[in-house]
Amino acid sequence: MSTETQHMTVPATARDAASIAPKRRTKLGPAGIAALVVLIVLAVAWLLPFVWAIVTSLKSETDAASASLWPAHGFTFDAYAKVLAEGNVPTWAWNSLFTSALITLITVLTSALAAYAFSRIRFRGNKAVYIVVIAAIAVPPQVLIVPLFYEMLAMDLVDTYWGLMLPQVVQPIIVLILKQFFDQIPVELEEAARVDGASRLRVFISIVMPLSRPILAAVSIFVFVWAWNNFLWPFIIINDPQLMTLPVGLQTVKSAYGIQYAQNMAMAILAALPLIVVFLFFQRQIIKGISTTGFGGQ
Numbered sequence: 128m129s130t131e132t133q134h135m136t137v138p139a140t141a142r143d144a145a146s147i148a149p150k151r152r153t154k155l156g157p158a159g160i161a162a163l164v165v166l167i168v169l170a171v172a173w174l175l176p177f178v179w180a181i182v183t184s185l186k187s188e189t190d191a192a193s194a195s196l197w198p199a200h201g202f203t204f205d206a207y208a209k210v211l212a213e214g215n216v217p218t219w220a221w222n223s224l225f226t227s228a229l230i231t232l233i234t235v236l237t238s239a240l241a242a243y244a245f246s247r248i249r250f251r252g253n254k255a256v257y258i259v260v261i262a263a264i265a266v267p268p269q270v271l272i273v274p275l276f277y278e279m280l281a282m283d284l285v286d287t288y289w290g291l292m293l294p295q296v297v298q299p300i301i302v303l304i305l306k307q308f309f310d311q312i313p314v315e316l317e318e319a320a321r322v323d324g325a326s327r328l329r330v331f332i333s334i335v336m337p338l339s340r341p342i343l344a345a346v347s348i349f350v351f352v353w354a355w356n357n358f359l360w361p362f363i364i365i366n367d368p369q370l371m372t373l374p375v376g377l378q379t380v381k382s383a384y385g386i387q388y389a390q391n392m393a394m395a396i397l398a399a400l401p402l403i404v405v406f407l408f409f410q411r412q413i414i415k416g417i418s419t420t421g422f423g424g425q
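In our numbering, the protein residues as written are 128 to 425.
Hint data in this document are derived by calculation from the structure and do not stem from the laboratory.
Ideal placement from N, C-alpha and C gives every residue a C-beta, glycine not left out.
Please note that a few of the clues may not be correct.
[To be verified] In silico EDC-like pairs for lysine to aspartate or glutamate, Cα to Cα no more than 20 Å straight-line:
1. Lys209 <-> Glu188
2. Lys209 <-> Asp190
3. Lys254 <-> Glu188
[As the list claims (entries may be wrong)] Just the calculated beta-carbon pair ranges, DEER-fashion:
4. Phe250 <-> Ala399: 39 to 45 Å
5. Ile167 <-> Ala228: 34 to 40 Å
6. Ala399 <-> Ser193: 22 to 28 Å
7. Phe362 <-> Val182: 27 to 33 Å
8. Lys254 <-> Lys154: 50 to 56 Å
9. Ser193 <-> Gly156: 43 to 49 Å
10. Ile272 <-> Ala228: 19 to 25 Å
Turn these sequences into a full structure, and let the hints guide you.
Written out as C-alpha cells, the structure reads:
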C-alpha cells in the first residue's frame, strides 16, 4: 500500500470509529434533576388510583369495605368471577368493540376525505366551510344531545347500532388534525401522479393515504378510545340490555347490586383492560402521529 493511500485511509477509519463510538451521556443539571423528580411524582400520583383499583378488585367484599390497603383475608378473584357470572359482560364488551371499531373506521375515512378536500381542492366557499368546521370544535357535545335524540327518534334508530354510531362519527377535531398533516405533504408528488393520468381519488388512495399512515394510526386510536369510553350518548339512545355498551352495562350492574366495592372495581378494570392493551401495542404510533402534526412542534 502506498504512502498516499495510507494517508487517505487512516482519516476515513478514524472518522468511522468516531461515528461508531457511543456518545457520552450528558449529566443532568439541577434543573434537569428537579424536572425528573417532578415527573416521577406526577407519574406516581397518576398510577396510585389505578393500583388502588386493582388491589380493591382482588379483595373480598368484606376487606374492600375497610380502608386498609392489604386485605386481611388475602387476595381473591371472586369479584371478577361474580361480575362475569351475574352481568352480561361478554355481550357488552362485544357491542363496545363492534361499535367502536365501526365508528373509528367511518370517522377516519370521512374525516380524511374532508381534510384532503380542504387541503388540496379550491372550491367556492372553501374557507367559509372550513371556518364552520373549526367553530364546531367549540360546541359542547352535550348541547346536541336533545336534537340528536329527536332526530334518531324520527328516523326510527333508537335502540339500534346505527342510532348509537352515527352521531359519534362527526369529529371536527380529526378533520383539523388531518388537514394540518396533508398540508405538509409535497404537492409535487400529487402533480406528478396527475400528469401520469391518475385521478384525484387515485392520488388520494395511492399516495396521500400511504404517506399518512402514522397520523391515521394515531387518530384511529384516539377515536377508538373515545368511542369505547363514551357513556352519555349510549346511555340515552340504548335501552335494550342486549345492545348496551360496556360502560352503560356496568352502570346498570352497579345499580342493580348496590354498593359492591370489589365488584365495581373489577368491572372498571375489565372496562379499561382493552384500552390498556391497545395503548401498549400502539404507543409508538401514537407518539409518532403526534410528533408529525402541527401539535408536535413541527
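Violated constraints from the hint list, given by number and in increasing order: Violated hint: only 3; rest satisfied.
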